[in-house]
Amino acid sequence: MSRAITAPHVGLRRSGLLIAGLAGAGLLISIYLTAVKLSGGTPVCGPFAGCDTVNSSIYSQFMGVPVAIFGAVGSAAVLIGALAWWRNGWRPGLLLAYVVGLASLPAVAYLTYLELFVIGAVCVWCVAYAATVVLAWLVSLRAMSRRAGAPGTPEAG
Amino acid sequence: MSKTARQTREERRRAELDERRARRRDRRQAKERSLLLPLSLGAVVVGVVAIVLFMVATAPPAGDGLERPAGGNYALADGQALGREDAPLTMAVYSDFQCPACGTFAETVKPSLVADYVSPGHLRLVYRDFAFLGAESMDAAVGARCAADQNRFWQYHDYLFANQQGENRGAFSSARLTAMAEAVGLDMDAYRTCIADPAQRQAVVDERAAASREGIASTPTLVIEGQSPIVGVPDYSALRQALDGLLEEADASP
Chain W
4 MSRAITAPHV
14 GLRRSGLLIA
24 GLAGAGLLIS
34 IYLTAVKLSG
44 GTPVCGPFAG
54 CDTVNSSIYS
64 QFMGVPVAIF
74 GAVGSAAVLI
84 GALAWWRNGW
94 RPGLLLAYVV
104 GLASLPAVAY
114 LTYLELFVIG
124 AVCVWCVAYA
134 ATVVLAWLVS
144 LRAMSRRAGA
154 PGTPEAG
Chain H
324 MSKTARQTRE
334 ERRRAELDER
344 RARRRDRRQA
354 KERSLLLPLS
364 LGAVVVGVVA
374 IVLFMVATAP
384 PAGDGLERPA
394 GGNYALADGQ
404 ALGREDAPLT
414 MAVYSDFQCP
424 ACGTFAETVK
434 PSLVADYVSP
444 GHLRLVYRDF
454 AFLGAESMDA
464 AVGARCAADQ
474 NRFWQYHDYL
484 FANQQGENRG
494 AFSSARLTAM
504 AEAVGLDMDA
514 YRTCIADPAQ
524 RQAVVDERAA
534 ASREGIASTP
544 TLVIEGQSPI
554 VGVPDYSALR
564 QALDGLLEEA
574 DASP
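Residue numbers (the working numbering), protein chains in the order written: chain W, 4 to 160; chain H, 324 to 577.
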C-alpha cells in the first residue's frame, strides 16, 4: 500500500519534463508542416527525399484541413498535460498525456503505413513526429504504471 | 496533564492524520486505476474511428461511376497546350493528376484563366507532366498524352481532376481511365495502342526529369515565360495583376 505513496517523486517529475520535451518537439514539427502545407511550399528535407511527395499527397489533408494541424492539437494537449503534472503534480495532466498519446497511436501507425506502402515515399519530418508521439506515450505509460502502483495495468502487461 | 501523556496524544493525532492521508491517496489511486481501463479503451476507439473516417474520406469511389467535369472552351486546344501559338504570354503548368492542389488549380483558377486570357488570345497554357505521386500518376499522365494525340487532352484532363480521389488506390485504375477515354469520345483502338507504347511512359519520365533540372520541386508550379516560378495554387486576383502587368509590357515593347 505504501509502495505508491513512496514512489520516487523526482524521477516521476523528470518523466513529465521528458514527455513535455517530446510533445514540444512534435508540436514544432507539426506547426512547421502545417505552415508549409498552407503556404503551398515544400518542406526542407535535407539529404532525404520524399517530403515533397508526402506533403503533396491527398493523405496530407483530411476534409480540406492539413493533417499536421491534428498533430499540432494532439501534441499541444500532451504538452499541457505533461507540464501541469511536472510543475504542479496535477495527476489528471499525466492521464491526459497518456490518453491523447494512446488515441494518436493508430493515426501515427496508419499514416506511416500509407507513407511506406501507398504513397511510396517517406517524409523525415513525419517519421520524427511519429517518434515523438510513440516515445512520449511510452514514457507516460511507464509513469502511469509507477504512479498508480499497479503492475497489472492492461497496457503495462 | 503530564508531558508524556500530551506527547502520546500528539503522536496519536499525527498517526491518525497520516492514516487519513494514506487512505485518501489509496482512494485516489484506486479511482485512477479504475478509470485507466475505460479511458484507454475509449482512446483506442477514438483513434480507430478517426482512422476509419480518414479512410472513408480518402477512398476511391466504388465502381466506374465517373464524376462529369464542368467542361470548358477548348476550341484553341493544341495537344497539351491551350491557346494561340502567337499569344504574347505562355504559361507552363507543372502538375500531377493525383495532386489535390493541382485539382484545386484546375477546377478553380484554370477556368477563369481560359475565359479571361486564353480565349481572347492573350495567353497560351502548356500542361507539363510532373508525375511524382506513384503508379496511378504515371498511368493518368500516359492516358492524358494519348488523349492529346487525338486533341482531347483538356477534356480528359478535366475528367481526371474531377475524379481524383484517394491515391494509388484505383481512382485512376486502368478500367476507370478507359471509361474516361470513352467519356471524352476517343477512338478507343488508337487509345489502347497508344497507352501500350513504352515511349509514352518515357516521355512522362523525361518531362519530369527536365522539370527537376529546371528547379521544379512541387506541384502545381506555374512558370510564365521569363518569370520566377509561382509555387502552389495562386490567388487569382494576384495572378491577374501579374498577367495584366506582363501584357502591358508586351504591348509597350515594339
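These aren't lab readings, by the way, just hints derived from the structure by calculation. The reader is advised that the hints may include incorrect statements.
Not everything, but these chain H residues come out facing chain W in the computed CB check (under 8 Å) [claimed, not checked]:
{"no.": "1", "residue": "PHE455"}
{"no.": "2", "residue": "ASP472"}
{"no.": "3", "residue": "GLN473"}
Label-pair ranges, simulated between beta-carbon atoms [unchecked claim]:
{"no.": "4", "chain 1": "H", "residue 1": "LYS354", "chain 2": "W", "residue 2": "GLY44", "range": "45 to 53 Å"}
{"no.": "5", "chain 1": "H", "residue 1": "ALA458", "chain 2": "W", "residue 2": "ARG90", "range": "50 to 58 Å"}
{"no.": "6", "chain 1": "W", "residue 1": "VAL47", "chain 2": "H", "residue 2": "ASP510", "range": "45 to 53 Å"}
{"no.": "7", "chain 1": "H", "residue 1": "ARG344", "chain 2": "W", "residue 2": "LEU119", "range": "30 to 38 Å"}
{"no.": "8", "chain 1": "W", "residue 1": "ALA134", "chain 2": "H", "residue 2": "VAL375", "range": "33 to 41 Å"}
{"no.": "9", "chain 1": "H", "residue 1": "SER560", "chain 2": "W", "residue 2": "VAL125", "range": "16 to 24 Å"}
{"no.": "10", "chain 1": "H", "residue 1": "VAL372", "chain 2": "W", "residue 2": "GLY92", "range": "42 to 50 Å"}
{"no.": "11", "chain 1": "H", "residue 1": "ALA458", "chain 2": "W", "residue 2": "VAL130", "range": "19 to 27 Å"}
{"no.": "12", "chain 1": "W", "residue 1": "VAL47", "chain 2": "H", "residue 2": "PRO443", "range": "36 to 44 Å"}
{"no.": "13", "chain 1": "W", "residue 1": "ALA131", "chain 2": "H", "residue 2": "ASP558", "range": "49 to 57 Å"}
{"no.": "14", "chain 1": "H", "residue 1": "GLU548", "chain 2": "W", "residue 2": "ALA134", "range": "38 to 46 Å"}
{"no.": "15", "chain 1": "W", "residue 1": "LEU141", "chain 2": "H", "residue 2": "ALA393", "range": "28 to 36 Å"}
Derived, one-sided and incomplete: chain W residues facing chain H with beta-carbon distance under 7 Å [unchecked claim]:
{"no.": "16", "residue": "THR37"}
{"no.": "17", "residue": "THR56"}
{"no.": "18", "residue": "THR115"}
{"no.": "19", "residue": "GLY123"}
Remember, predicted model here, so these are calculated numbers, not experimental data. C-beta: ideal position from N, C-alpha, C; glycine also.
Checked hints:
no.	hint	verdict
1	PHE455	holds (6 Å)
2	ASP472	violated (27 Å)
3	GLN473	violated (29 Å)
4	H:LYS354 to W:GLY44: 45 to 53 Å	holds (48 Å)
5	H:ALA458 to W:ARG90: 50 to 58 Å	holds (51 Å)
6	W:VAL47 to H:ASP510: 45 to 53 Å	holds (47 Å)
7	H:ARG344 to W:LEU119: 30 to 38 Å	violated (52 Å)
8	W:ALA134 to H:VAL375: 33 to 41 Å	violated (25 Å)
9	H:SER560 to W:VAL125: 16 to 24 Å	violated (38 Å)
10	H:VAL372 to W:GLY92: 42 to 50 Å	violated (33 Å)
11	H:ALA458 to W:VAL130: 19 to 27 Å	holds (23 Å)
12	W:VAL47 to H:PRO443: 36 to 44 Å	holds (40 Å)
13	W:ALA131 to H:ASP558: 49 to 57 Å	violated (32 Å)
14	H:GLU548 to W:ALA134: 38 to 46 Å	holds (45 Å)
15	W:LEU141 to H:ALA393: 28 to 36 Å	violated (51 Å)
16	THR37	violated (14 Å)
17	THR56	holds (6 Å)
18	THR115	violated (12 Å)
19	GLY123	holds (5 Å)
The structure fails to meet hints 2, 3, 7, 8, 9, 10, 13, 15, 16 and 18 from the earlier list, while all remaining hints are met.
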